[in-house]
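Enquirer: Residue numbers (the working numbering), protein chains in the order written: chain A, 1 to 219; chain B, 1001 to 1242; chain C, 2001 to 2772.
Hints in this document: simulated from the structure, not taken from any laboratory.
By construction, the Cβ of each residue, glycine as well, lies at the ideal position given by its N, Cα and C atoms.
One thing to keep in mind: the hints can contain errors.
[As the list claims (entries may be wrong)] Partial list, derived from the structure: chain C residues whose beta carbon lies under 7 Å from chain A:
| no. | residue |
| --- | --- |
| 1 | G2251 |
| 2 | S2252 |
| 3 | S2253 |
| 4 | S2601 |
| 5 | V2602 |
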Amino acid sequence: MEHEKDMRVAEEIVDDATPETPEVDDEAAAKAAEVEAARKRLTIVTDHIRRESRAARIVAPATFAEEPFSYTEEQLEGVWEAIAADPEFADIVRTPDEKSGAEFLHSTKYLVVPYARLLLRTQADDPVYLIAQTVRDNAQTYPRPTPVTFFELDPFNLPLEEIFAHVTVIGSLEEYADIKSVTVSNGMVCLYSDRYLTEPRAMSLAQWAEVDSHLNSNQ
Amino acid sequence: MSQHQELLPEISDVGSKSPIGEFSRRDFVKVCGATGVGMFAVTMFGSVPFVSALKMPIMSDAKGVLLHDITRCVACRRCELACTEFNDGAASSYLSRVKVARNFAAVGGVPAGMAVGKAGDFRMQVDTCKQCPHPVPCAEACPKGAIRADVKTGARRVDPALCVGCGVCTKACPWAVITVNPETHKASKCYLCDGSPECARACPTGALKYVAWTDLRLSSPPVQPGILADPSTSSYCAPCHS
Amino acid sequence: MPTYGGWTGKTLRVDLTTRTSTVEDTLVKYKDFWGGTGMAYKVLWDETTADTHPFDPECPIIFGWGPLTGTGAPSGGRTAITSLSAQHPFHAVTTGHMGGHFSAEAKFAGWDGIIVVGKADGPVYIAIRDDKVEVVDCPHLWGNGIYRATAEITQAMGGSCQVAAIGQAGENLVAQSVVMTNYSHSAGGIGANLGSKNLKAIGVVGTGSVKIAAGKKAWRALIDNSMQLIGSNNQHVVPNSPQPWAEYVGGSSVRWYAKKGQYWGAANPPVETGTCDPHDRQSVGYRCLKSDPGAFAEAYTVRMDGCHSCPIRCHQALSVPTVAKWGVPTTAANTCTGWWGRGLMDNAKVIAGLSKNDANLKSLEAYVVGKHMTDDLGLTNNYGTTDRGWTFVLLSGPAMLADDTKKPTHPLADATTLKAAGKANVRLSWLQTVLINPAWDWTTLTAAAIGAEYASLAGLTTTAAATTLLGMYAAGDLNCMKEFGRLMAYQVGVFGTFMAGPVEAGLASWETKAPGLTAAYHASAAVQWWANGFPKHHSLENGGQVGGLINTCYNRDAQNHSWSNFLANGLPSNVSAVIADAEFADNGYMENMGLACEFGSVTSSVMNPQKAVAARWSIARKEIMDSTGLCNWMWPWIVSPLKERGYRGDISLESQLFSAATGVEMNTKEFDDEGIRFYTLERALTLRAFKARNMRVLHDQLPPWGLAHEGVATFNGTNYYETHADWELALDLFYAELGFDQFGAPTRATLTDMGLAYVADELALLPLNPVS
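Please model the complete structure; the sequences and the hints are all you need to start from.
Expert: Written out as structure tokens, the structure is:
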């Protein structure tokens, strides 16, 4: 909650922070002004990352080179160094896109790394990869199959027909040969990776999750 | 993080250094100004038949008040539990300073989809103290002047040292949110927990919120006709309640 | 500071024959049994014999809760109503559980429990206002439903009054009847016990308080800690959709539903459930939008509801204006199997031609009409048995007997195989049972005849057809539900008597017309019969041997979520297993308790010692909950939603809350031992009812569908089937954990250690097997 006290509209902060050119010869004063400006940049950047994270969004570092921030490369280097050095900003992390390697910033106080990965997969606009890799992750981690309707949810928001179209594509690609499906008794199609689950195991887990677990409360 | 309005920061001291029950010096002066007409004898001590003088102070508005959102309440009654357990060390719905239990079935007692409550449309009416502006019905009715503005929050608070448990306040409050504790024989009402109300903190849906004071009297239907009786002017009441 | 907190110190005993009440000192008479079921078992042991019938005036009904009821201990608003069971063939002890606010109000009134004995000479209700207790004549309420009884008693006693009442079903001594409170919380199987005493209801108003022994600061810290560790319904601790704050995502079975864009749609204006970061105290109540009819019903949800002191709210409060045409209230709340009418319209195929919206609404109306029918008449569906069992009996039973080869080889083959053979869909809801015309002598009917009758009536619109149960059902006329309820509550005809009575008795009478039917019914995985007319409830499919053992323990469906909650919490299995290892070891239990865990719905390993410990622990916790007032659908908390704790919960929390509230210091293992003590007394009561000691054979065997058939591989994670040998080993290890002998009877040494030597004296007189 205390972070909210620090959060202000980015534009306002930027306007506030526009330093006036010091008309003094005193180097110390100039240096102090620059330190202050750097501190303000640090606050603006971290505030922005945290606020965006609260809104379930990740931030490209290049954002701060553009309007309304317009920071130079050198200024941003200073910010990244300050973040790395101060434990108060331990929540500010970079998570790379799995395929491009491009890094994005977020605050783990509000948006954790696994969710950032899902966002990255979504924004990469490669839904075949999104679906296949997420299905693999779920089969490995929990382990459990993934119902096709999972990709209708936030942050993916894919229409069901499109999901099925992508699944068809997945079925035709060698690199995704491990992605299989089972259909349970209510018709739900659930995907899994046979690297981590056998077909019978996937079927019983899916049947349980999609139908039988609800029957305990629902029939 | 919370989707809901935060609790207000702690209210600053409104005046006197004394503990609860002391009104502000400004109010004192205001009252003294009125005595130029000789209508009131402002005295804090001694036996005075004119007991209205003890509670004559015009209380400033409270700094905050509890607001209840009927659309968010899930009738869990954790507010009642927090209020009484953390203030009194014992759990009770009757003594709770936020009133839920009595509205449970249906306000009006008649179910069938028309009234609120579990038997009606499910909305749960919860009665909270409005921290009434002057004139404060419970304070006005109290023959002992036991209800004063709290130093920290301005909440209308019962001073147990002065309260004799007569219960006239319970009849004066139009929302019946003040209760006499049958074990301690003292009246008890919402005093906003020194600015951090336990009920709002305990509420799992944010239905109860602590907000800047606003006059909620006209937007909350009263549950009883409050008796603005001044025992000192009633010959019936004076013998027992003076 | 009181000597003890939590307890009020007073237990109420009402004798309806003499219309007198006495006050018993809880701390003298029942402190060693705490309250709830513990106390109930003691009362039943002392005051009944093997020949006591549930409807005998001297048979007590014990309304119990415990020292944590009415306090801020989260989810503490339960009531356990215990007596001898009219549903059970030997009238063994069972407990019906109801939530709501009844027990809290009783605590505020100053009561640790209410014991009712005797029989009134006419319809009465018990009115309790603090320490003032009256037996009030109410002939005007008899013959009325629970709704009217509740409304009139509340009007008489005031708005804060909580009422527990029976409907016409209980009055008519229907075995499948309930006691209900607060319009949606019912205790199954116990309604007829009240009916037999002419007891319509109990109304209670309490203006007192429940003292907490601990200081205010200490109690507040403990409550705060609890509220940080709490998850969602069934203590599932992972959201079932991706959330920015959540490392993990639960599957479709996980009951943390909240997300942005999800609303209590019928609130005005709608209320969003939202992201629900677990650190946000003011969002706990939004986590569980449990919408049993389906996500579409979120638009009809006014809010969520539930029991006293519980922040989770697992009851869905619906507003469905279109049900007005069926003559029922347009608002309805309930959860799980409390919603009768599920699937009704699907199976009638009435919705087949409808748009999705219209189909959903029709289905929803069936939920609401069904709930009102049962909650007013006061019927139970015996955890879905009514739904499933009679479908099987009437439609697939006779045909199945003819074809012995149709045995399932895979749990899913049941549906597929039967479908392929042209048999009825085994997932049929009970609604198929309304294919019966009360005028028929249906004991002579065959499946073919029923099918033909249905086919001929489908689509008919004549008045004659429309007025039969079958006709109404086929036309999608939900008055069929009300008619069904009427037949059951008033035990009308052969059909009504069957549906209303004990299941085994019904099967026995049917057996004469269709020999072998009982065995087929017991063996069907679709029917899910467990024992003695009761169904499974989180059994082998919920933890393998642990689930199976839990299901053997009682005399009705298990009503035990200690272990099944944990298995479904949403965390990765290996994370849960590691937490189990740590949490149990740190509290003094066996090491490597992760070995007790079977996730999903299959069994991957043979019986092991950890599974016996897990089963014992699960039983202990259920008894503790039922004796303290806590909810076993929420507690205990092995896990929590907090990543910073490694998702660990705290299984010592209940003992901490108990110790703080009462002032009786007890660590978590001592706490469990008390729960086992209560269970041991329940077991002794069961032996007494069976008039024999051989529980292994008479009580603890698996239903046939739980055993693997010839050639089916077991314990390899592909199914949950047991083998005879493994099951006997499971019983061996479990009995050893409980201090029972090889037959599953408590030993004298165990009973003596528990201060129950007098129990051992009586049990020693029982034969091993029943004398025929």
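Enquirer: Does each hint fit the structure? Answer for all of them.
Expert: Hint check:
Annotation: G2251 of chain C was flagged as interfacial toward chain A, and the flag holds, the nearest CB pair being 4 Å apart, inside 7 Å. Hint status for S2252 of chain C relative to chain A: holds, with the closest Cβ pair at about 5 Å, below 7 Å. Satisfaction of the interface hint for S2253 of chain C is found here, the shortest Cβ-Cβ separation to chain A being roughly 4 Å, below the 7 Å cut-off. A least Cβ separation of about 4 Å between S2601 of chain C and chain A falls short of the 7 Å threshold, and the interface hint therefore holds.
Contact between V2602 of chain C and chain A, as hinted, is supported at the beta carbon level, the nearest pair being about 5 Å apart and thus within 7 Å.
Going down the numbered hints, you'll see the structure goes against none, and every one checks out.
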